[in-house]
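Can you join these two chains into the complex? Each is in its own frame, and there are hints to help.
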Amino acid sequence: MSEGFIVVVAVLIFVVVTLAKGVRILPQGEEWIVERLGKYHGTLKPGLNVIIPYLDKVAYKLVTKDIILDVQEQEVITRDNAVILTNAIAFIKVTDPVKAVYGVTDFAEAIRNLIMTTLRSIVGEMELDAALSSRDKIKARLRESIADEAVDWGLTVKSVEIQDIKPSASMQRAMELQAAAERERKAAVTKAEGAKQAAILEAEARLESAKRDADAQVMLAEASAEAIRRVAAAIGDQPGPMMYILGEKYIAAIERMGSADSAKLVVLPADLQETVRGLLARGKLAV
Amino acid sequence: MNIEWWQWAVAGIVLILAELAIPSFFVIWFGVAALVMALVVLAAPALTLTTQLALWTALSLAMVALWFRVFKPGFHKTRIGTSAGEVIGEVGLLVGAVAPFQRGRVRFQRPVLGAEEWVCLAESEIPAGERVRVVAVEGSFLKVVKA
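Line by line, the protein sequences give chains L and W. To convert, note that position 151 of the first sequence is 151 in the UniProt record's numbering; the numbers rise steadily by one, no gaps. To convert, note that position 144 of the second sequence is 144 in the UniProt record's numbering; the numbers rise steadily by one, no gaps.
The following block holds chain W by itself, in its conformation from the complex (with noise of 0.2 Å):
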């Protein structure tokens, strides 16, 4: 039994839109190897099953190492729905001084989770007037440093 290179083409064709059905995202570098699969086998016909098959996982293989160093999958655009949200780095006025064992009042130019105003913790002693920048959401309250 052998595999025509027309064969390697359309199980490529195939695997690719089977990528549109299975939302993972991995069957499709499948299909692309098999295209490539596609071109080897018109150039060599000789290449055993063996082979063929060896060469196709290493292909797929290779093209998702390849993939996974573009696409950076630490990079994000943006921040909105996530847990720590658009809110770390977000930069306050201090309206009542916070220390250590001290909960201070943070007000924000604009609302921050539902609320203008937010009651915050701070390793250091800031006193009031201050700016803060948040570096932590902790429940209700903000966990804030000198900005």
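So that you can see chain L by itself, here it is in the shape it has in the complex (with noise of 0.2 Å):
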């Protein structure tokens, strides 16, 4: 074997490995970041590209696609000290490549875990009522309070959603029978109501009844005096009429008070005539 042919073999090799580790072809959504000697040199865009290999190194291979990041089910504590369970989803992009290789060790684990803490602090001061119902002002202050770290990242935070916002199982429970005991609460006052309002109905019905006996009892005391005073009139000055009527009663008083069962004795006056006469003689002195 000549030596020219060993050095041609030798050519061939350096070529072919310089073109294999020199040649790079990027798919779409990805940028890989090359480093010269250790520094950063240039970043490589989809399509084909040439690196000399024996200088260069490509450092880290990036997606620039949107990534999903999944903010893990977490524990938080509202302002008054209720447990609620909270888990997000972000979804961000590299818009600066550099940054995010040097300006951060993990940047995805990075976001994740101030997403995490930002969450906390924002939903910390909150009231749980205010927690559970307000998902877009949490939404909004969650991206407004990570956008200064991601300008330094290199990363912009397209959305923050809340996935999952709930109460701790015991949390759940309490609010429960918080919310039976309103129901009972409210049962209890509306049949206490129901009471007092039978009360008073009852009240008002006694008053007006009562009314009523007064201005009955008024009424009949009216009509006997009128009866009493058409008697009078008609009888005028003969006792005849009067003392037939009387004596007729009289009688049957006697009568009835004889017929009673413990009657054993019935004392009738013997002067009837005379006794009746007494009777209106001393009822013309009472008028």
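Calculated from the structure, these hints are not laboratory results. Every value quoted in this text rests on a predicted model; they were computed, and no experiment measured them. Hints should not be assumed to be uniformly reliable.
Taking lysine to any residue pairs in the SDA-like style, the calculated list, with each CA pair at most 25 Å apart, reads [claimed, not checked]: (1) L:Lys158 to W:Arg110; (2) L:Lys45 to W:Val70; (3) L:Lys99 to L:Val63; (4) L:Lys45 to W:Ala21.
This is the structure:
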């Protein structure tokens, strides 16, 4: 084998290796960071790229598509000391590959932790009820608070969504109890109000009936006064008919007395006529 | 030891096929060069192996160089999925005035990077109501210039 042949083979191997290491094809959606002798040299874009294999080194390969970042579930304590569980999902995009690889060791992990702590502090300032009902507000504030760090890390936070925000199991139980107690309280109040209403109505009914009774008595008295007056007018000066009526009633009363079971003795005045006249005379005196 | 023309041809075809398995786009030029070598050897069988190999290497390199001139690696049909993305150059309306030390707000006709409105920065003072063009994305802020 001649020297020339060996040199040519060596050159061939050199060319093959150099081309193999130097030609880099990147798919769309990826960007690679190239370091020349340990220092940042350039960013390879999608498509065909050439690097110098002996000086350059592809140090990092970055995905520049949107990254779906799952922020794991965590317990958060609200301002009124209620424990709630939240988890979130964030969509981030690397907009500056150099900052993303040199600004922080692991940007995905960093932003995930940042979201977790920020979420805790935002919810920590809220009351339980507010936290449960204002997702949009939490979202907006979360995005705002992450913005400053995102600049340093070359990331754009496209959106942060609160996936779940729910009270912890014990909290949920307590809330259910509270709701039940509230219902019971309402029921008791309603019942008491009913009783009160009933008592008032009853009293009013009594008042009304007493008024009517009084009216009735007055009317009755007036009626008897009128009757007596008429009788007196009808009788005039003659005691005869009056004596008759009175005497009849008197006898009837005595008869009733006598017919009673307990009656053993019936006393009849001997002088009936005189007795009735005496009664009458007294009546006249009273009038 | 000498290589026949058909050996070159077979080697060339094998190399071109190998390109399918090795996704790096350089073996194919060695394959094409080998096919050319087959023709060369067919025309001039007297060439020594050393000359043949040297010629092959030179041909491969020449083809790679030619390919790069044709392909123009800097050319991009789309910027979707790249870091700077399609956002650069987008024109929006400034709804909050921006100054070197004051952040403004810019609104776009269609959502950009997942939001219609962005906080923006600028090197110069631009009053609200002006049309501005995005020149850079800096985290959750956009850098704009007067359009």
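These are the hints, each one checked on the structure:
1. Only pairs whose Cα atoms come within 25 Å are accepted, and Lys158 (chain L) paired with Arg110 (chain W) is accepted, the gap being roughly 14 Å.
2. At most 25 Å may separate the alpha-carbon atoms for a hinted pair to count; Lys45 (chain L) and Val70 (chain W) meet this at roughly 18 Å.
3. Among the hinted pairs, Lys99 (chain L) with Val63 (chain L) is consistent with the structure: their alpha-carbon atoms are about 14 Å apart, no more than 25 Å.
4. Straight-line distance between C-alpha atoms of Lys45 (chain L) and Ala21 (chain W) comes to about 23 Å, which keeps the hinted pair within the 25 Å bound.
In summary, the structure agrees with every hint in the numbered list given earlier.
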